[in-house]
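A.B. asks: Now for the letters of each chain:
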Amino acid sequence: NAGVTQTPKFRVLKTGQSMTLLCAQDMNHEYMYWYRQDPGMGLRLIHYSVGEGTTAKGEVPDGYNVSRLKKQNFLLGLESAAPSQTSVYFCASSYLRPNTGELFFGEGSRLTVL
Amino acid sequence: AQKVTQAQTEISVVEKEDVTLDCVYETRDTTYYLFWYKQPPSGELVFLIRRNSFDEQNEISGRYSWNFQKSTSSFNFTITASQVVDSAVYFCALIDPNSGYSTLTFGKGTMLLVSP
Numbered sequence: 001n002a003g004v005t006q007t008p009k010f011r012v013l014k015t016g017q018s019m020t021l022l023c024a025q026d027m028n029h030e031y032m033y034w035y036r037q038d039p040g041m042g043l044r045l046i047h048y049s050v051g052e053g054t055t056a057k058g059e060v061p062d063g064y065n066v067s068r069l070k071k072q073n074f075l076l077g078l079e080s081a082a083p084s085q086t087s088v089y090f091c092a093s094s095y096l097r098p099n100t101g102e103l104f105f106g107e108g109s110r111l112t113v114l
Numbered sequence: 001a002q003k004v005t006q007a008q009t010e011i012s013v014v015e016k017e018d019v020t021l022d023c024v025y026e027t028r029d030t031t032y033y034l035f036w037y038k039q040p041p042s043g044e045l046v047f048l049i050r051r052n053s054f055d056e057q058n059e060i061s062g063r064y065s066w067n068f069q070k071s072t073s074s075f076n077f078t079i080t081a082s083q084v085v086d087s088a089v090y091f092c093a094l095i096d097p098n099s100g101y102s103t104l105t106f107g108k109g110t111m112l113l114v115s116p
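Chains as they are written, first to last, in our numbering: chain F, 1 to 114; chain D, 1 to 116.
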């Protein structure tokens, strides 16, 4: 069972470069999320999606864009990377709202912006 | 506004000790849900428990137990007879009604180090 898969696992960017993180889930989940984890800050929600074709902003959306063109994929884009976006990014998914089902997380993607 | 506070940044114990991880939450809603997740060194977060605001019964699962007290807005997590494999970062989380109960607000986490 693949569950939630994130690619790439590691990436180093220079300031101003762009990149896309891909999250894929094979559990037919409706809800998908992108979080970032920084030391001393815990997990903060960037964007989320409650279904194919829908996206919404989370707590820290600035500098990121997302797309959910297919139900199984949730893409996180950085158009012009900044050092402040150095972080570990986690994708998660759930079949239903979290009050009825658990979130399944990917292994994380470590991004460094120089 | 919603808030989850995990005041303990890091806890170190010796194997077989009992340890309690604190979680204090703030919410204006009468219906809410609380969660605990574990993040082992491998990095992937793992769901441990979900509790709704109407169920104040304590829960026990093996060496894990949870104490939910609405009077003090706390949802504490106790590991009995800790083991090295319990070493991880533990996150408490609260569901966010402002997102239609679609998202979670996480605390900053408590790193638990269990030494042999």
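What the hints contain is simulated information worked out from the structure, not anything from laboratory work. A quick note: this is a predicted structure, and the numbers were derived from the prediction, not measured. Treat the hints with caution; some may be incorrect.
Claimed, not checked - No farther apart than 27 Å at their CA atoms in a straight line, the calculated lysine-lysine pairs in the DSS-like style are these:
hint, chain 1, residue 1, chain 2, residue 2
1, D, K70, D, K3
2, F, K57, D, K3
3, D, K38, F, K9
4, F, K9, F, K57
5, F, K71, F, K9
6, F, K71, F, K14
7, F, K57, D, K16
8, D, K70, D, K38
9, D, K3, D, K38
Stated by the list, open to error - Below, a sample of chain F positions facing chain D; criterion: calculated Cβ distance under 8 Å:
hint, residue
10, A24
11, M27
12, G40
13, G42
14, L45
15, Y48
16, G51
17, E52
18, T55
19, V60
20, G63
21, L78
22, Y95
23, F105
24, G108
Claimed, not checked - Among chain D residues calculated to face chain F with C-beta under 10 Å, some are:
hint, residue
25, A7
26, T30
27, G62
28, W66
29, K70
30, A93
31, D96
32, Y101
33, G107
In this text, a Cβ means the ideal position worked out from N, Cα and C, and glycines have one as well.
A.B. asks: Each hint needs a verdict: does it hold in this structure or not?
C.D. replies: These are the hints, each one checked on the structure:
1. Under the criterion of a C-alpha separation no larger than 27 Å, the hint pairing D/K70 with D/K3 is consistent with the structure, at around 15 Å.
2. A C-alpha spacing of about 18 Å is found between F/K57 and D/K3, which places the hinted pair at or below 27 Å, so the restraint holds.
3. Distance restraint check for D/K38 and F/K9: the Cα-Cα separation of roughly 20 Å lies within the 27 Å cut-off, and the hinted pair is therefore satisfied.
4. At roughly 24 Å between alpha-carbon atoms, F/K9 and F/K57 fall within 27 Å of each other, so this suggested pair holds.
5. Of the supplied pair hints, the one linking F/K71 and F/K9 holds, its CA atoms being roughly 21 Å apart against a limit of 27 Å.
6. A distance of roughly 31 Å separates the Cα atoms of F/K71 and F/K14; the hinted pair therefore is violated under the 27 Å criterion.
7. About 43 Å separates the Cα atoms of F/K57 and D/K16, which puts this hinted pair outside 27 Å; it is violated.
8. Using a Cα cut-off of 27 Å, the hinted pair D/K70 and D/K38 holds, with the two alpha carbons roughly 23 Å apart.
9. As the CA atoms of D/K3 and D/K38 are separated by approximately 19 Å, the hinted pair is consistent with the 27 Å bound.
10. Hint status for F/A24 relative to chain D: violated, with the closest Cβ pair at about 15 Å, above 8 Å.
11. Interface hint at F/M27: violated, since its Cβ lies 13 Å from the closest Cβ of chain D, which is beyond the 8 Å cut-off.
12. A hinted interface residue such as F/G40 counts as satisfied when its beta carbon comes closer than 8 Å to some beta carbon of chain D; here the least separation is about 6 Å, so the hint holds.
13. With its C-beta approaching chain D no nearer than about 4 Å, F/G42 sits inside the 8 Å limit, and its interface hint holds.
14. Taking 8 Å as the C-beta contact cut-off toward chain D, the hint placing F/L45 at the interface holds, the least distance being around 6 Å.
15. A cut of 8 Å between beta carbons decides the hint on F/Y48: the least distance to chain D is about 6 Å, and the hint holds.
16. Among the interface hints, the one on F/G51 is violated; its C-beta lies about 10 Å from the nearest C-beta in chain D, farther than the 8 Å criterion.
17. A distance limit of 8 Å between C-beta atoms decides the matter here; for F/E52 the minimum to chain D is near 15 Å, and the interface restraint is violated.
18. Nearest Cβ of chain D to the Cβ of F/T55: about 12 Å, over the 8 Å cut. The hint is violated.
19. The interface hint given for F/V60 is violated, since its Cβ lies 12 Å from the closest Cβ of chain D, which is over the 8 Å cut-off.
20. Against a cut-off of 8 Å between C-beta atoms, the interface hint on F/G63 is violated, since the closest Cβ of chain D lies about 19 Å away.
21. Interface hint at F/L78: violated, since its Cβ lies 20 Å from the closest Cβ of chain D, which is beyond the 8 Å cut-off.
22. At a threshold of 8 Å, the smallest CB-CB gap from F/Y95 to chain D is about 12 Å, leaving the interface hint violated.
23. Interface restraint check for F/F105: the shortest CB-CB distance to chain D comes to about 4 Å, inside 8 Å, so the restraint holds.
24. Interface restraint check for F/G108: the shortest CB-CB distance to chain D comes to about 5 Å, inside 8 Å, so the restraint holds.
25. A least Cβ separation of about 13 Å between D/A7 and chain F goes past the 10 Å threshold, and the interface hint is therefore violated.
26. With its C-beta approaching chain F no nearer than about 14 Å, D/T30 sits outside the 10 Å limit, and its interface hint is violated.
27. Because the beta carbon of D/G62 sits about 18 Å from the nearest beta carbon in chain F, more than 10 Å, this interface hint is broken.
28. Hint status for D/W66 relative to chain F: violated, with the closest Cβ pair at about 15 Å, above 10 Å.
29. Against a cut-off of 10 Å between C-beta atoms, the interface hint on D/K70 is violated, since the closest Cβ of chain F lies about 17 Å away.
30. At its closest, the beta carbon of D/A93 sits 8 Å from a beta carbon of chain F; the interface hint therefore holds under the 10 Å criterion.
31. Residue-level restraint check for D/D96 holds (minimum Cβ-Cβ distance to chain F is 9 Å; threshold 10 Å).
32. The criterion of a C-beta within 10 Å of any C-beta in chain F is met by D/Y101, whose closest approach is roughly 5 Å, and the hint holds.
33. The closest approach between the C-beta of D/G107 and any C-beta of chain F is roughly 6 Å, which is under the 10 Å cut-off, so the hint is satisfied.
Of the numbered hints given earlier, the model fails hints 6, 7, 10, 11, 16, 17, 18, 19, 20, 21, 22, 25, 26, 27, 28 and 29; all others are met.
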